[in-house]
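Peer 1: One letter stands for each residue in the lines below.
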Amino acid sequence: MNSFLTSRRVRGGLTGVAVAALVLATAACGGTTRGEDEGDSSGSGSSASANPDAEIPAGLKIAFLPKQLNNPYFAVADGGGEKAVGELKGEYSEVGPSEASASSQVSYINTLTQQGADVIVTSANDPNAICSALDQARSGGAKVVTFDSDTSPDCRDVFINQATAEGIAQTQIDLMADQIGGAGQVAILSATANATNQNAWIDIMKKYAADKYPDMEIVTTVYGDDEDEKSFQETQGLLQTYPELKGIISPTTVGISAAARYLSGSEYKGQVALTGLGTPNQMREFVKDGTVTAFALWNPADLGYLAAYAGAALSAGQITGAEGEKFSAGDLGDYEIGKDGEIVLGDPTVFNADNIDDFDF
Amino acid sequence: MALDTAPTPAGQVPAQRPSTSSRLRLLGTGDGVITLVLIAFLLVASFTVEGFASTRNTGFLLLDVVVIILIALPLTLVVITGEIDLSVASTVGLTSAVMGQLWFSGLPLELILPICLLLGAVLGSVNGFLVTRLGLPSLAVTIGTLALYRGLAFVVLGDRAVADFPRSWTTWAISSIGSTGIPVVVVPLLVLVVITGVVLHATPIGRALYAMGNSEDAARFSGIGVHRTKFWLFVVTGVVSALGGIYWTLRYGSARADNAQGLELQVIAAILLGGVSIFGGSGGLIGVIAGALLLGSVRNALQLVNVPSDVLNIVTGVLLIVAVVTPQAAAWFRGRRRPRVRPATPKSAPP
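Heads up: the sequence lines are chains A and B, in that order. Numbers given in the numbering used here equal positions in the first sequence, counted from 1, plus 963. Numbers given in the numbering used here equal positions in the second sequence, counted from 1, plus 71.
Hints are computed from structural coordinates only; laboratory data are not their basis. We put the beta carbon where it would ideally sit given N, CA and C, even for glycine. It is possible that part of the hints are untrue.
As the list claims (entries may be wrong) - Some chain B residues judged to face chain A by a derived CB distance under 7 angstroms, without partners named:
hint : residue
1    : Gln-172
2    : Ser-176
3    : Asp-230
4    : Ala-232
5    : Tyr-323
6    : Ser-325
7    : Gln-374
8    : Asp-381
Stated by the list, open to error - Here are the simulated SDA-like cross-link-like pairs (lysine to any residue), alpha carbons at most 20 angstroms apart as the crow flies:
hint : chain 1 : residue 1 : chain 2 : residue 2
9    : A       : Lys-1024  : B       : Asp-230
10   : A       : Lys-1024  : B       : Ile-357
11   : A       : Lys-1024  : B       : Val-395
12   : A       : Lys-1024  : B       : Val-378
To be verified - Not close to chain B: a few residues of chain A, all C-beta gaps over 10 angstroms, as computed:
hint : residue
13   : Gln-1077
14   : Asp-1252
15   : Asp-1297
Construct all of the structure, not just a fragment, from the sequences and the given hints.
Peer 2: So this is what it looks like as structure tokens:
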């Protein structure tokens, strides 16, 4: 029962409920404090230890709050969530602002709190700005799962990480090695020179390639600054500077599509391999015309699917968000919670001519 | 109509104003109507929308409109004089960014706050200088500074966010009075509302603002320092917007350059919905407050019944158009079009 210490707000809220109930009872209008009532019961449940055998109750209200609505990436992710909620016999809803701003997410979190949502699955526009609203939701009994973009760890129960840096880096090197037979010159076309994610991946790629494919030589890294035009020109420059170049890895969706566009219109089409991180929709034509054999990205639908299962497991008390707890996520199999409440989706999905038409994002 | 104040010399007005005519004005114009609409909506929503009438939801609702009402206070005065300030939300953003950067560089908050308010005064005086000294239209000037101040905010903070503000400050920003659910910031806000209301409705300055809005020439001939008054109104708007920026930063616990993007439209929507004429010269503060609360309540209630955000925007837009069109249409039916521009010339002639 740590809630006595942690949340004055709960107690304040309950007194408020009492007052409101009095006022509303006289007006013969009940039910307005439902969220708060539920909040109290499941809120105290969170301090109990995990019970891996707990049943997931039917009718859980699982709400998805993406960074913004009408964004294809989140539409696919939330679609995965909807599928999972269907399997769990819960009530799925998707709400969100029409523009990706932190403050507008807050008012939607408040609404979900008020509606008594059991699980809020969100991707944060700002790691801190939605914290106090999430705190309030959690003291109202909701479980909070973040995916894609995390909040500060103390504002949510678990975070679904799309992939580890190692997984992303190794998948791309393995794909390249497959396509060039594990030997030859390879260049990297990155985003900006100070892009944190890309730099971390590139470091791991270099080490991993040196260990596993000693005949593969990473000759240079160039930066397209995540601009289509510049990435296009950098690709051109690479092929002129390194006539022996066997392949290009572009760990950014802007870079890979610009490079593919250049290659598909040049004499190097089919001669120089290209892989990296891209979305099926932007890469489809280049896979079909033979410019690109295979590329990778995590599958956002799986991300949403896993997030929904994690939220349900939290709400049922199967897990509490502590390191080492395990739960089952339907078709995706079993998952274990890592450090800081992180759950890693797994290795990125590889897209090629065989499966690319199954994806639309 | 406030129109009758225009030809009267400003000094004589307060004596007769607070009598019966002001009460009649309150009931007869947008002020009263929008207040009635607000009360009716709150009653209907309380009984039909699950979760609307609770202390917690009251707190959520008020927190969402606090900054809008705050900035609407000085901006209402600006609009009544016939000017506009579209740069208020960018001032919020720039203040927030500067506040974040200064905090990041290690300055104490007690020092940062006055610096931010001073910054607001400077930003407002830039608007005021361009409008009153150079005689440029405020619409054009503040569209410019809207972009300029937002751009500067990104120069200051880029796409970073500064979020490690002290917990005691950020929790104060969202805390409520006891168990009422009413945020504590409502108290200082009410003080500002009362001050603004008194200035607007019970002092010569307030009368002068209406006079300016109806006919700047007439006001000038009556001895009102039109330029000086407008300049200081822009400065005050800048300071209050900066105050809004400080509060916004603490309320969300995050200083960002894109904070409050688009807020200016919500503020202006509240002002227009509250019955203030965009051409200046008429409207009252009670209507504006009611307008802001109505917009916030409609949004809140529709969210609670799961209306998607796109539809919310449509509803807000329609509401606004209805609010602007209704009084015009009513006046038209009564056979007298709003004598907005035409009377200005004949009336300024006699003195």
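Peer 1: Each of the hints needs a verdict: does it hold here or not?
Peer 2: Against the structure, the hints come out as follows:
{"no.": "1", "hint": "Gln-172", "in the structure": "violated (16 angstroms)"}
{"no.": "2", "hint": "Ser-176", "in the structure": "violated (19 angstroms)"}
{"no.": "3", "hint": "Asp-230", "in the structure": "violated (11 angstroms)"}
{"no.": "4", "hint": "Ala-232", "in the structure": "holds (6 angstroms)"}
{"no.": "5", "hint": "Tyr-323", "in the structure": "holds (4 angstroms)"}
{"no.": "6", "hint": "Ser-325", "in the structure": "holds (4 angstroms)"}
{"no.": "7", "hint": "Gln-374", "in the structure": "holds (4 angstroms)"}
{"no.": "8", "hint": "Asp-381", "in the structure": "holds (6 angstroms)"}
{"no.": "9", "hint": "A:Lys-1024 - B:Asp-230", "in the structure": "violated (34 angstroms)"}
{"no.": "10", "hint": "A:Lys-1024 - B:Ile-357", "in the structure": "violated (40 angstroms)"}
{"no.": "11", "hint": "A:Lys-1024 - B:Val-395", "in the structure": "violated (40 angstroms)"}
{"no.": "12", "hint": "A:Lys-1024 - B:Val-378", "in the structure": "holds (17 angstroms)"}
{"no.": "13", "hint": "Gln-1077", "in the structure": "violated (4 angstroms)"}
{"no.": "14", "hint": "Asp-1252", "in the structure": "holds (36 angstroms)"}
{"no.": "15", "hint": "Asp-1297", "in the structure": "holds (34 angstroms)"}
Hints 1, 2, 3, 9, 10, 11, 13 from the earlier list are contradicted by this structure; the remaining hints agree with it.
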